[in-house]
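Throw the hints in and build the complete structure from the sequences for me.
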Amino acid sequence: MDRDSLEFLDKELFTDVTAGERHEVDLVAKLRFREAGQESVFLVHVEHQAQAQEHFNRRLFTYYARLHGLHDLPIYPIALFSHLGRKLEAEEYRQDCRGLEVLRFRYRVIQLSRLQWRDFLGRQNPVACALMARMNIAQDERPRVKAQCLRLLLQLKLDPAKIGLIAGFVDSYLRLSETETLDFEAELAEFGEKEQHQIVEITTSWKEEGLEQGRREGLREALTTLLELRFGENAALKTRVATIEDVNRLRNLFRAAEQSQSLEEFQSHLG
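Sequential numbering of the sequence shown, starting at 136, is according to the working numbering.
Treat each hint with caution, since some may be false.
[Stated by the list, open to error] So the derived label-pair ranges between C-beta atoms look like this:
1) 243 <-> 307: 24 to 32 Å
2) 363 <-> 177: 51 to 59 Å
3) 299 <-> 200: 35 to 43 Å
4) 371 <-> 165: 40 to 48 Å
5) 307 <-> 251: 42 to 50 Å
6) 205 <-> 356: 27 to 35 Å
7) 325 <-> 367: 52 to 60 Å
8) 210 <-> 261: 24 to 32 Å
Just so you know, the hints here were simulated from the structure itself, not pulled from any lab data.
Backbone N, C-alpha and C define an ideal beta-carbon position, used for all residues, glycine too.
Shown next, in the form of structure tokens:
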């Protein structure tokens, strides 16, 4: 495969006629492949499913047919399942008519819950590092898997932004209880001093982000309550407040809500 030829295509928006819904394909890329002096061009279509869904195989076939109609290229379809269900997902879509097999559409299935995390532990691959958090993990292994994911992440020598992105993914899918956190810290104690220090830096940033989120949500709730007490319930205003991320701005708006003589005056502070 010619890695330099990788080209991500604009996502297509399709309407599922049977369900009356519109869907955007997750990822479509164009690749070139050279073998024995021959060059071929094809598409890779990856569709991610975070939960089990009836008739997913039919939808994937619909995407395939429409992408093929648009680009007239061979397509390698991949279904990535990240839900925790262990039931084996279908890897084909079939249509039969009066005893005749009219269609058999096959695709590659990657079902994380049926993969063993240990098989990916030594792979120097950021995708494997992130997806390990959704693989088949025994309950008592969760702290160890989280520690090993972060250890592998450090070995990849990525830039800070990518480390933060993947570490955040791992943390969101492997939330630990207080007891599990103690086991996680015991796992870290087995690492080298440098690795321990680097992982502590990552986990400290999680705690700081958690505190920041807590402050933000608390200020939003306090501001919304104050506005309702002073000016009555206002759904549009409540929605507007819910979109404000900056903690300092929320504090300033809270003071403005205390001092404003009318709703119009307060809204002037919203801009």
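Structure-based check of each hint:
1. Checking the proposed 24 to 32 Å range against residue 243 and residue 307 shows it holds: the Cβ atoms sit about 26 Å from each other.
2. Against the hinted window of 51 to 59 Å, the Cβ-Cβ separation of residue 363 and residue 177 comes to about 57 Å, which satisfies the hint.
3. For the pair residue 299 and residue 200, the beta carbons lie near 39 Å from each other, so the given range of 35 to 43 Å is met.
4. Judged by the Cβ atoms, the range 40 to 48 Å given for residue 371 and residue 165 holds: they are separated by roughly 44 Å.
5. Checked against the hint of 42 to 50 Å, the pair residue 307 and residue 251 fails, with Cβ atoms roughly 22 Å apart.
6. At about 47 Å, the CB distance of residue 205 to residue 356 disagrees with the hint of 27 to 35 Å.
7. Taking 52 to 60 Å as the suggested C-beta distance range, the pair residue 325 and residue 367 conforms, at roughly 59 Å.
8. Look at residue 210 against residue 261: about 25 Å separates their beta carbons, and that is inside 24 to 32 Å.
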